[in-house]
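Colleague: Sequence:
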Amino acid sequence: MPELPEAETIVRGLRPAIVGLTIAQAEVLKPDILRESKRSFGPKVRGRTIESVDRRAKNVLIRLDGERRIAINLGMTGKLLPFPRPPRGSGRPTHPAVRFRFTDGSILVFDDTRRFGTVECLSDEEWQVREARFGPEPLDPKYAPAALYEALAQSRSPVRSWLLDQRKIAGVGNIYAAEALFLSGIHPLREARAVTPAEATRLHQAIRDVLSDAIDEGGTTIRDYRNAIGGEGGYARLLFVYGRDGEACRRCGSDIERVVLSNRSAFFCPLCQPSPA
DNA sequence: AGTGTATCCTGCAGGC
DNA sequence: TGCCTGCAGGATACAC
Numbered sequence: 001m002p003e004l005p006e007a008e009t010i011v012r013g014l015r016p017a018i019v020g021l022t023i024a025q026a027e028v029l030k031p032d033i034l035r036e037s038k039r040s041f042g043p044k045v046r047g048r049t050i051e052s053v054d055r056r057a058k059n060v061l062i063r064l065d066g067e068r069r070i071a072i073n074l075g076m077t078g079k080l081l082p083f084p085r086p087p088r089g090s091g092r093p094t095h096p097a098v099r100f101r102f103t104d105g106s107i108l109v110f111d112d113t114r115r116f117g118t119v120e121c122l123s124d125e126e127w128q129v130r131e132a133r134f135g136p137e138p139l140d141p142k143y144a145p146a147a148l149y150e151a152l153a154q155s156r157s158p159v160r161s162w163l164l165d166q167r168k169i170a171g172v173g174n175i176y177a178a179e180a181l182f183l184s185g186i187h188p189l190r191e192a193r194a195v196t197p198a199e200a201t202r203l204h205q206a207i208r209d210v211l212s213d214a215i216d217e218g219g220t221t222i223r224d225y226r227n228a229i230g231g232e233g234g235y236a237r238l239l240f241v242y243g244r245d246g247e248a249c250r251r252c253g254s255d256i257e258r259v260v261l262s263n264r265s266a267f268f269c270p271l272c273q274p275s276p277a
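Sequential numbering from 1 applies to the first sequence in this note's numbering.
Don't read these hints as lab results, they were simulated from the structure.
Every clue listed holds true.
Label pairs and their in silico Cβ distance ranges:
| # | residue 1 | residue 2 | range |
| --- | --- | --- | --- |
| 1 | G47 | G243 | 37 to 47 Å |
| 2 | R250 | K38 | 44 to 54 Å |
| 3 | R258 | T113 | 17 to 27 Å |
| 4 | L271 | R39 | 54 to 64 Å |
| 5 | L261 | G42 | 35 to 45 Å |
Even for Gly, the Cβ is constructed at its ideal location relative to N, Cα and C.
Modelling step: build the complete structure from the supplied sequences, incorporating the hints.
Modeller: This is the structure we're talking about:
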C-alpha cells in the first residue's frame, strides 16, 4: 500500500480540494469496500460537511460535522481522486469503489484495483477505540529513541516483522522498513530484543529520515501508487534495497538479497547488514 | 508470543 | 498468442 508517506501526500493534496465541501450523496459501487451495509453508510455521510482531512498511521481521516469521520485504509492499491470533472491520464479512476458527490458538483472517488482497502464512517467514540490500537507516530516529536529501544526489547520477533506491526509503530510498511533497516545497518532477521541501544538510536533516526525524505518526494511509486492528483512519487529512485535484489548495493557493491519473512519479501545488503547468526 | 499459512482481489511480468 | 506461476506499498484469522 501506500505507507505513511503516501498517505500523508494524499492528505496534503486532498485537504485544500475538499475541506468545506458538503456531501450530497455517496455512491457505493463496490460494497465489499465498506464494513457495513450501503444502507447504513449513506445516511451517515449525506448532508455532512468536511471539517478537516488528517492522517493516522496509513489511514486517511475525513472529519465531518456531527462528531464522525470517514476513515479510509488505502490497502495495497487504494487511491483518492478528487476532481471537478473527469480527469485524463493516470489520474482517471479505473476501479471506482466509492464515489462521493458534493453539493457544488465536484466529486471524490475512492478507486481501488485490488479492493483490499476499506471505507468506514465512524463516530468519535468508535474511532477512539480504533485509534488506541495504533502504536506511536514515528514523526511525532515526542517519540524518543528510548521508547523505540524499550519496545523492541520486549519482543522476540524479527525486527522487520516488528516494524510492520502497526500496534508497535504506526505507518511503517514493507518499503520503508527495508530502507530504515539498511540505513541503520540492521539485518531484517535480527531478533527485536537483540537490537542494542546504539542500534535502536540509529534505527529511530533512520525511520524518521526515510519517512520524511519520502514525504518530501511525494512518496514512492512502484506500480500503482498515485497522489491525489494522479501523480507519481519520486522516492523510488532513492531506494537502497527495496525491490533491488540481485542488484549492486549502492554503498558497498554487494548483491542485494531477498528473503521471505512472514510471507513478505525482505531485502537487505549482506555486507552492510550483517547476518544475526 | 510468534510464525507460517491462507484469505480477501486484480493485474502484470516472465517462462514455456 | 495463450497458459501458467509468482509476485505486489496491507491486514486479519487460523492452527500450531
